[in-house]
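J.: So you can see what is in the structure, the chains are spelled out below.
There are 2 protein chains.
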Amino acid sequence: MTELNKRQATASEEALWRIFTVPEAPDSTLSIIEQNISQNLAGFLRESIVAVEKPLWQIERDFQAHQIPSEPKFVSDYAEQMMEKLVAHSVHTAAPSFIGHMTSALPYFVLPLSKMMVGLNQNLVKIETSKAFTPLERQVIGMMHHLVYGEADSFYKKWMHSANHSLGAFCSGGTIANITALWIARNRLLKAEGEFKGVAKEGLYRAMKHYGYEGLAILVSERGHYSLGKAADILGIGREFLIPVKTDANNKVQSAEMRRISRELNEKNIKVMAIVGVAGTTETGNVDPLNDLADLAAELGCHFHVDAAWGGATLLSEKYRHLLSGIERADSVTIDAHKQMYVPMGAGMVVFKHPSSAHAIEHHAEYILRKGSKDLGSQTLEGSRPGMAMLVHACLQVIGRQGYEILINRSLDKARYFASLIQEHSEFELITEPELCLLTYRYVPAEVQRAMALASAEKRQKFNELLNGLTKFIQKTQREEGRSFVSRTRLKPERYQRQDTVVFRVVLANPLTTDQILLDVLEEQQQVAALDKEFLPKLLQLAKDSTA
Amino acid sequence: MTELNKRQATASEEALWRIFTVPEAPDSTLSIIEQNISQNLAGFLRESIVAVEKPLWQIERDFQAHQIPSEPKFVSDYAEQMMEKLVAHSVHTAAPSFIGHMTSALPYFVLPLSKMMVGLNQNLVKIETSKAFTPLERQVIGMMHHLVYGEADSFYKKWMHSANHSLGAFCSGGTIANITALWIARNRLLKAEGEFKGVAKEGLYRAMKHYGYEGLAILVSERGHYSLGKAADILGIGREFLIPVKTDANNKVQSAEMRRISRELNEKNIKVMAIVGVAGTTETGNVDPLNDLADLAAELGCHFHVDAAWGGATLLSEKYRHLLSGIERADSVTIDAHKQMYVPMGAGMVVFKHPSSAHAIEHHAEYILRKGSKDLGSQTLEGSRPGMAMLVHACLQVIGRQGYEILINRSLDKARYFASLIQEHSEFELITEPELCLLTYRYVPAEVQRAMALASAEKRQKFNELLNGLTKFIQKTQREEGRSFVSRTRLKPERYQRQDTVVFRVVLANPLTTDQILLDVLEEQQQVAALDKEFLPKLLQLAKDSTA
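Sequences listed follow chains A and B, in order. Just so we're aligned: 970 in the working numbering is position 93 of the first sequence, and the numbers increase by one with no gaps anywhere. Just so we're aligned: 1006 in the working numbering is position 129 of the second sequence, and the numbers increase by one with no gaps anywhere.
Because the hints were derived from the structure by calculation, they are not lab data. The model shown is predicted, which means the values in this text are computed figures rather than measured ones. Some hints here could point you the wrong way.
For identical chains, the list gives no copy identity; a pair is met inside one copy or between any two copies.
[What the hints assert, rightly or not] Calculated pairs, DSSO-like style, for lysine-lysine (alpha carbon to alpha carbon, straight line, at most 30 Å):
{"id": "1", "residue 1": "Lys1353", "residue 2": "Lys1145"}
{"id": "2", "residue 1": "Lys1251", "residue 2": "Lys1086"}
{"id": "3", "residue 1": "Lys950", "residue 2": "Lys1339"}
{"id": "4", "residue 1": "Lys1421", "residue 2": "Lys1248"}
{"id": "5", "residue 1": "Lys1086", "residue 2": "Lys1145"}
{"id": "6", "residue 1": "Lys1196", "residue 2": "Lys1068"}
{"id": "7", "residue 1": "Lys1339", "residue 2": "Lys1353"}
{"id": "8", "residue 1": "Lys1035", "residue 2": "Lys931"}
{"id": "9", "residue 1": "Lys1034", "residue 2": "Lys1421"}
{"id": "10", "residue 1": "Lys1145", "residue 2": "Lys1074"}
Taking the hints into account, I'd like the entire structure generated from these sequences.
T.: Structure below.
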């Protein structure tokens, strides 16, 4: 090495050491960005995220390089670049007028707490790298368990911190939570018996031969979340054995139909491994008849799982928790704290009715996750994990039951208010009523509504197709304009003869969404509709011809 | 509602709104904590985490309540409480003298960036809730792919942003990454053929019947990570079909033995589904002979996965990447950025040699993750996920190849230096040499070493048992004293006749660990050893008797 090279090496080494030892200066670009976030998150998001949409292919051009850059970069340069290329083209999920997603505004205190979590950088897989974070996570799971099952004090005293038991698992999200629950269901069903050492050890093929089944099945509403398909695939059940069961006019699974299917399967020697109830469907927000499903699961002697990833937070409301009645009979329940519990992304949970459920998936390594240790990693699907439970803990403590009561009730009441606005409005049609805080609707000019009411089935179909085009146009234009956002989905409502019907989908969980914003959204949609040159004129013409 | 109740409701509602709308005051408890973290993270951790260990049962008393508190709590009260009950009893994973974990110091800039990530609260499952974060994540995966496979520019131009392909998957951690890789291996092996629609659709039982196998197997070193057992379980392969293969004196898997086992399995009609190479074993840090394993995988026509969760970062060093030679022949590779890449917890990745690998696990929902969309969620195990890729992106840009070259080389060189210190020291024994930056050793008084050299096999066993007790005592006492930390594990070294041997385990990835700290660790261990009243006297007596 030449003297010059050596000096350069030393200089760059020193620069490198600085990023580990010297804090960001208070007047650095990144510090200023951080202050903006800390002092006015909503303002930061509003001002930093560009309103007008840039096509994806243009955004991709900024993320085209495939080689890790050779030269280090100054943090300030990087921060500036990211503001322009990343933040500007991200999604304002917290905006009170963006009522199409399940994410909402966040309480301010989660920001500094997140930094604390990252700075502490604990690893929850084992107590050796998490210490107090392990009992904290067990407490969070215990509280969620109590929210669902409400067992006696003695129950929690006995099990919450018991080394070889768990009341649930903290997960990165609802998908892992659902898979964990169904993994347990599979392993409990195909347990060791006689010479057979159980599916966990011997695998599914031998398990099926031992038990003499021709197949396993999972029954769920046709509105079940797609993560259940992943579970059926990864667990070796097969996607075709995740059986979608028809829903009624209110998007609730028909339990009689489920019973009929279970009999059919039984005749084919296909064992129903689990029934999944949905407590808040992703698209319409409806809750399955959980008590009926619990009855059926008991009849069939199978696992009963409830996917309440989104709707589970409703249990925090004394006023509305009856909507999820029967959930306490489930063997396992998924709840995502990053949906209606106001926690940032990455906080899924599954709770188990029985503290020994997770024994079915328990695993030990020879020298970590030892039997009798309190390492959380021995009963979870994931391994190394961050201390996200801390943010759920914080929200539960700072907001409290009283706070959640107000927040959840406000959301559900607001959805009912918005539904009434839509119903009273001559130019809109409510498609699904809000059972929780999710509803769907569409824009239909009054004269079209009148014409449709009188039209033949054939003609109604024609109307519907044009309305689908118009709904898509409105949703897309509104999103691109960037002032407000509703999502859209496609339903087959019974009262429209199960025709494909494109609808606006609205989730009202953001506490900052005001009544005025809801009025404005409808107002904007009407204005946008008037801009459509393709579907609207045809619709009006068709209406005119029909009533002529 | 009485007037008073109404007024109270309004007051508590207002308090609630404030947490969403009013930032933490600069002089609030939480803000002050945050400033401390931002200005002096190492100091904050040093001062906030109590050095002396508190028994777990005492910590648990602070996390005993199982009911979500009814009353909301002031953020400042909560923050104070958490400092005392949580932070004080967490683990100082970033301390330069804590060289027993795979976590290390973090660069300062990840702290404000984490806050930005949380504040933006994007959801990477679909482009609609992530926008520019999706191309960013694809770029990070592309860069890691290039690091492993080094394909031509045209390859990345074609595939990196291709809607229906993926060069890898970003995961919460290495466990999910390994499971994803083996899920793909299983589904590719048991693919659709003729009437059979593939394991994903029809399940494992029908797949096995269709292909006529009696079982599936995964071959891996006996030093393989326990996450592979989870993978074998959840995928329905069975833990008994994850076959541990003997390692040589250097803790590298014996590929000849693996070949022999694969022949035996073949005779039993058990199909080898995948071979897993370990690039950096958790306990000894050794790398399997990857080229030999690639040859064998090619012979057997099976998937070749490399678990480089910990060691993969070594590829960032031009000087040392040859140690992982053959990794570029793997079908899939796991690398955790939260280990040696200086990213906070929660950043696992798996890269795929073939851009269409993930087709085997692809899934679409009817209205999201549509075919042709760029939604990342259609080819990942997880669903909703945070924008953690941003922190990997930042580290790759800010540290750059040159920076990582220095960091990685320093770690490996430091491990070699520490090994030489141990070897030269008359009272210590190096058990495994550092191939990457992990080594194991133990304390053995010089006279005991001399006596052992001359002792019979039986007597050596007696020595060894006493040494195991002493090693545990030293490690435990050192941890409880809180000045420094090494971990411990149990090996069966060939040169000790494969007797159970308890050892100190050290990972030298923290750039702030100085040579002096390493000297101090040995010094402290010697001092602690002298405090032992149980094993040390017996050892010395035994040595005396032996040489008498």
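J.: Determine for every hint whether it applies to the structure shown.
T.: Consistency of the hints with the structure:
no. : hint              : verdict
1   : Lys1353 / Lys1145 : neither (47 Å within a copy, 58 Å between copies)
2   : Lys1251 / Lys1086 : neither (36 Å within a copy, 41 Å between copies)
3   : Lys950 / Lys1339  : neither (58 Å within a copy, 57 Å between copies)
4   : Lys1421 / Lys1248 : neither (76 Å within a copy, 38 Å between copies)
5   : Lys1086 / Lys1145 : both (15 Å within a copy, 17 Å between copies)
6   : Lys1196 / Lys1068 : neither (41 Å within a copy, 50 Å between copies)
7   : Lys1339 / Lys1353 : within (22 Å within a copy, 77 Å between copies)
8   : Lys1035 / Lys931  : between (56 Å within a copy, 22 Å between copies)
9   : Lys1034 / Lys1421 : neither (71 Å within a copy, 52 Å between copies)
10  : Lys1145 / Lys1074 : both (26 Å within a copy, 19 Å between copies)
Checked against the numbered hints above, the structure breaks hints 1, 2, 3, 4, 6 and 9 and satisfies the rest.
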